Every structure is written in C-alpha cells, then in structure tokens.
Amino acid sequence: MAGDKPKPDFSNVKSGSSSTAPPPAKPEPKTYTVVAGDSLSKIAKKLYGDANKWKRIFEANRDLIKNPDLIKPGQTLKIPDA
Amino acid sequence: MQHSKRFGRTLALGLGLVLALVSGCQRSEAPPPATAPAEIPVPVPFAVKGVSLGSSIGADKRVASPISVFAKSDTIYASVATEGTSPSVTLAARWTYQGDQLVSESSQTIAPTGPAVTEFHIAKPDGWPAGSYRVEISANGAVAGSQEFSVAE
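Chains A and B supply the protein sequences, listed in that same order. Under the working numbering, think of the first position of the first sequence as 1, with each following residue one higher. Under the working numbering, think of the first position of the second sequence as 1, with each following residue one higher.
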C-alpha cells in the first residue's frame, strides 16, 4: 500500500559467537586391521555389506595403499562412514 | 603364718591379672569408628540459566553492564549463562526486529562440563534502524530464554 514504510535491510548484518565451553570431541575414525586372505572388496563386503564400496576404503587410505590389489596383513586401514 | 601371707600375695596377683585381662578384652571389643561412605557426584543436567544483553563483554564472555537500549552504532551482545554437562548441545540465537522481521541467526555447538558462558553478537556497518528488537535463545531447538531490547533514534 502507498505510504507504507519499506522494511529495513539487514542483509549486511555481521554475526558471531564464542563460548567458554569446549566444542564436542571429534569421534575417532574407525579402523580395520588386515588379516591374511583379505582384499579391499572382502573388507567392504564385511564392513559395509557391499563389496563394491571397496573404492571408498581405498580413497581413505591413499597414503598407505598404492595398489588396491596389494594389501598386507597387519596394515591398519581407516574405514570411512558408509 | 607364712603360708597365709603367701596365699594372700598370690590371690592379689591373680586378681590383678584377671582385671587386666578383662579390661584388655573390653578394649579389643570396642567397635571401630564409623566412616561415611564416599559420595558419588551426580551429573547436573544441562540448562540455560539466563540471558543478558550489553554493548561489550569481558574475557569471561559475560556482559559487565547489562542494558536494554542500544545506540545505532553498537555491537549488540547476548551473553548466555548455562550450567550442567552435555556431550553436545547446540545453542542458537535468533534476532528479530519489530516482532517478525529476521535480523540474524547463528548457532554454537558446545560440550560443557560445568558452568559456562556463550556469547552471540551482531553488528550493522551502516547502523541499526531505531525500534524494538528481540533475541531468542534455544538449546537443541527448544526455546530456552529471550530478551527484548530497543535501538534509540
């Protein structure tokens, strides 16, 4: 309607916060220790119920696994969430 | 005569021995002092205790001088005091103008282990429009406190 005051613009408001309390602790990542006979697809089948998710494990452990077909017993792999 | 003297001495010795034995038994039968059981601390549930507003906060995140009328150029602080423990709680501040227009919203997730203070602040580079405002504080989505304030002309 004519004569109505336009609403103020708050798009440039800057906000922030801080606390004396600590933030929640980050959950420890899950791990799996390779045993003899394991392969990434077997591990994915065991942990995710889906062997095709082996790539997820491979990507999360690029620093440890150069060749996805070559994993060794005793290696501790990081297991990302499904 | 000698026999009766000896008998008397023996009797006295015997009686003394018996008395000593009895008092010793009584001492050894005394019960040990009672010790109070150790108190197990009960965790205090998390709760928002209060919200105060001001134009500045201290290093402890608290508003030293609470006010409810601000200048156009002020940074506005809401200091939220909480108590209790929680592994994770999200505090949020929702600022509104003239009852319904949203000014800003922000949140902070904390894991308090006792009394704590969380501050939220807003600032507007070109100055606040005069009028009435409100800040509503929620904890995990449930409204826990609010304060009304105004900005002077």
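Treat the hints with caution; some may be incorrect.
A short list of chain B residues far from chain A (calculated; beta carbon distances all over 12 Å) [said to hold, decoys possible]: (1) Asp100; (2) Leu102; (3) Val117; (4) Phe120; (5) Glu136.
Covered stretches of chain A (in silico footprint by chain B; criterion: 3 or more residues with CB under 8 Å from a CB of chain B, positions within the stretch not fixed) [what the hints assert, rightly or not]: (6) 22–31; (7) 58–67.
In the BS3-like style, the derived pairs of lysine-lysine whose C-alpha atoms are separated by at most 25 Å in a straight line are [unchecked claim]: (8) B:Lys72 - A:Lys5; (9) A:Lys30 - A:Lys14; (10) A:Lys55 - B:Lys61; (11) A:Lys7 - B:Lys61; (12) A:Lys55 - A:Lys30; (13) B:Lys72 - A:Lys14; (14) A:Lys42 - A:Lys66.
Think of the hints as simulated: they come from the structure by calculation, not from any bench. Bear in mind the structure is a predicted one, so any value in this text is a computation, not a measurement. Beta carbons are placed, not taken as given, at the ideal position from N, Cα and C, and that holds for glycine.
- Query: Which numbered hints turn out to be false for this structure?
  - Reply: Violated hints (numbers, rising): 1, 2, 3, 4, 7, 9, 10 and 11; every other hint is consistent with the structure.
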